[in-house]
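Note that the protein sequences, when read in sequence, are chains A and B. Here the working numbering is used: the first residue of the first sequence is 674, the next is one more, and so on. Here the working numbering is used: the first residue of the second sequence is 270, the next is one more, and so on.
Hints listed in this document are in silico derivations from the structure and should not be mistaken for laboratory results. Take these hints with a grain of salt, some might be off.
Derived pair list, reagent style DSSO-like, types lysine-lysine, alpha-carbon separation capped at 30 Å [said to hold, decoys possible]: (1) Lys602(B) / Lys723(A); (2) Lys484(B) / Lys278(B); (3) Lys554(B) / Lys723(A); (4) Lys484(B) / Lys659(B); (5) Lys602(B) / Lys717(A); (6) Lys554(B) / Lys278(B); (7) Lys717(A) / Lys554(B); (8) Lys346(B) / Lys659(B); (9) Lys346(B) / Lys554(B); (10) Lys554(B) / Lys602(B).
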Amino acid sequence: MPYGGKLPITGVTGLAIGGLVIGQGYLLAATAVLVATGAVLIRKTWRRNKLVNER
Amino acid sequence: MPEARVALKGTVITTALLIAALLFWVVRHVVGLLAQTAKGEVSHLPYVWLYAFAFLFVEMLFCFTERTCTTTPQQDKQLAAARLVVNVPAFNEDPEALWQCLESMLRQTRPPDCVFVVDDGSKVDYTDIRARFFEAAEAAGVEARWERQPNAGKRHAQGRTIAATPDADFYLTVDSDAVLDPHAIEEGLKPFINPRVQSVAGVVLVSNRVNLLTKLTNIWFTVGQLVDRSMMSSVGGVLVNSGALAFYRGDLLRENLDGYLNETFFGRRIETSDDSMLTIYALLKGKAIQQPTSFSFTLMPERYSHHRRQYLRWMRGATIRAFWRFRYLPVHKPAYWLNLLGWLQVVLSTCTFLILFVYTPVVRPAVVPFFVIIPLLVGYGQGLRTFTIKRSDMRFRQQLYEWLLMPVVIFYSFFVLRALRFYAIFTCLQTGWGTRQTVEVTANKKEEKENVCV
Numbered sequence: 674m675p676y677g678g679k680l681p682i683t684g685v686t687g688l689a690i691g692g693l694v695i696g697q698g699y700l701l702a703a704t705a706v707l708v709a710t711g712a713v714l715i716r717k718t719w720r721r722n723k724l725v726n727e728r
Numbered sequence: 270m271p272e273a274r275v276a277l278k279g280t281v282i283t284t285a286l287l288i289a290a291l292l293f294w295v296v297r298h299v300v301g302l303l304a305q306t307a308k309g310e311v312s313h314l315p316y317v318w319l320y321a322f323a324f325l326f327v328e329m330l331f332c333f334t335e336r337t338c339t340t341t342p343q344q345d346k347q348l349a350a351a352r353l354v355v356n357v358p359a360f361n362e363d364p365e366a367l368w369q370c371l372e373s374m375l376r377q378t379r380p381p382d383c384v385f386v387v388d389d390g391s392k393v394d395y396t397d398i399r400a401r402f403f404e405a406a407e408a409a410g411v412e413a414r415w416e417r418q419p420n421a422g423k424r425h426a427q428g429r430t431i432a433a434t435p436d437a438d439f440y441l442t443v444d445s446d447a448v449l450d451p452h453a454i455e456e457g458l459k460p461f462i463n464p465r466v467q468s469v470a471g472v473v474l475v476s477n478r479v480n481l482l483t484k485l486t487n488i489w490f491t492v493g494q495l496v497d498r499s500m501m502s503s504v505g506g507v508l509v510n511s512g513a514l515a516f517y518r519g520d521l522l523r524e525n526l527d528g529y530l531n532e533t534f535f536g537r538r539i540e541t542s543d544d545s546m547l548t549i550y551a552l553l554k555g556k557a558i559q560q561p562t563s564f565s566f567t568l569m570p571e572r573y574s575h576h577r578r579q580y581l582r583w584m585r586g587a588t589i590r591a592f593w594r595f596r597y598l599p600v601h602k603p604a605y606w607l608n609l610l611g612w613l614q615v616v617l618s619t620c621t622f623l624i625l626f627v628y629t630p631v632v633r634p635a636v637v638p639f640f641v642i643i644p645l646l647v648g649y650g651q652g653l654r655t656f657t658i659k660r661s662d663m664r665f666r667q668q669l670y671e672w673l674l675m676p677v678v679i680f681y682s683f684f685v686l687r688a689l690r691f692y693a694i695f696t697c698l699q700t701g702w703g704t705r706q707t708v709e710v711t712a713n714k715k716e717e718k719e720n721v722c723v
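Bound conformation, chain A alone:
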């Protein structure tokens, strides 16, 4: 039940967006690219051709 980490994340997201307005626009782009790349890589390469309930 990993809900312990959610509260601070939510709070700091406000800061995060605010921080971007201050001038770290590059941060959003870099973060989005990093997470999206990871998501695509996992989707395409991890457990290829296996169903979710397959060993």
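Please build the complex by placing chain B on the supplied structure of chain A, with the hints as guidance.
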């Protein structure tokens, strides 16, 4: 035994307070921003405030749209006719805590059809508890089963129940220290009237609020469920059910049993994060939601070492589960995007945290107090949701006192849990439970018996 219910008055008052506060701040800063812009004196802080509160506003809006599922008398009859099996996996649990768990099953307004205890090779003698359980179950008209197996882990204890009950329409999974509110089952089953709903999470509250650590845990745990999970539930995309109270359709668990019992991650066998894996199965087949009127009470670590191990286990599980979600959740489902946004938040907020709390104090020390105030206000705003629950073991004064502890929660989360989370991410291949070899938290005595190696 503790009980809980939704506090209607508290819900109305806190909602009104929150909306009024949010509107006040948004209007104030929009007006301030426009005025400053007109004068050509724009400072950066109004933007920070505005975005922080706008974000809170959107999230709170979603979580307030979470609906409590209700049923008609006809639908109640349908649910009453269904067979519900409760699995109670027990491993070195305090006997009194286990007894309270079992007793709470037997005093439900909608009793389960079968309570199936699997003693997973405990070193604790449960002879007395077992005898009391059979006697009480017979009196309550509930089928009781108790089996013992060599220690194989929680999943295999659950698997034993699932394999032995092919006729179950629904399963309820609980932890062996969970004490259910008398209406927990009745309320928790109601959402299954919708055939698309595959799993239902209950709301888990901390019962042993005996020291600062467990009180802090109670706050963030409750707020996490009533804000983040409520928001996810409003779109049918709950990402993690609670191990202490979760309902599943019988077919769902039977279809996925083999994969569930044999999960591996880069060649390592995974025994932890059982609840989040079952939630993924539910999301793939339909909706995973939360029923905000189904409550359970559970024991949380009372010592830091135990708390740290539990948190690391959760966060390692969250890291592993991210792989499963990115790999298998369909992109057209909200759950996929909630997962993606969650990880975006983790990375982005950490970068910004470093800039604001490490870099900025050196460059512009005067600005820092303002940045500290923002998350505190956001935390207090989210914390108002705790007043929507009325607990029999807490007076309003105690709720208020714990809510006032929010700054401690925020700073603990910022500076301790954040570090632990990243440690867990980088050590996610350490997949053992790191949990009790003997009893750690007891139901009545407020102490732990140490224990353990990580």
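Checking one constraint from the list: CA of Lys484(B) to CA of Lys659(B), max 30 Å. Satisfied?
16 Å, holds
Holds or violated: Lys554(B) and Lys723(A), Cα atoms, limit 30 Å.
With Cα atoms ~17 Å apart, Lys554(B) and Lys723(A) stay inside 30 Å; holds.
Starting from Lys602(B), check that the Cα of Lys717(A) is at most 30 Å away, please.
Distance of about 18 Å is within 30 Å: holds.
Would you check the hint for Lys346(B) and Lys554(B), treating anything up to 30 Å between C-alpha atoms as holding?
Since the Cα atoms of Lys346(B) and Lys554(B) sit roughly 25 Å apart, the hinted pair holds (cutoff 30 Å).
For a C-alpha distance cap of 30 Å, please report whether Lys554(B) and Lys602(B) respect it.
Satisfied, since the Cα-Cα distance of roughly 11 Å is no more than 30 Å.
Run the distance test for Lys554(B) versus Lys278(B): straight-line Cα separation, threshold 30 Å.
Status violated; Cα separation ~37 Å.
Given the hint that Lys346(B) pairs with Lys659(B), test it: the Cα-Cα distance must not exceed 30 Å.
Roughly 28 Å between the alpha carbons, so the hint for Lys346(B) and Lys659(B) holds.
For the pair we were handed, Lys602(B) and Lys723(A), check the Cα-Cα distance against 30 Å.
20 Å, holds
Can you confirm whether the C-alpha distance between Lys484(B) and Lys278(B) stays at or below 30 Å?
24 Å, holds
Starting from Lys717(A), check that the Cα of Lys554(B) is at most 30 Å away, please.
21 Å, holds
Going through the hint list in order, the structure does not satisfy hint 6, though it satisfies all others.
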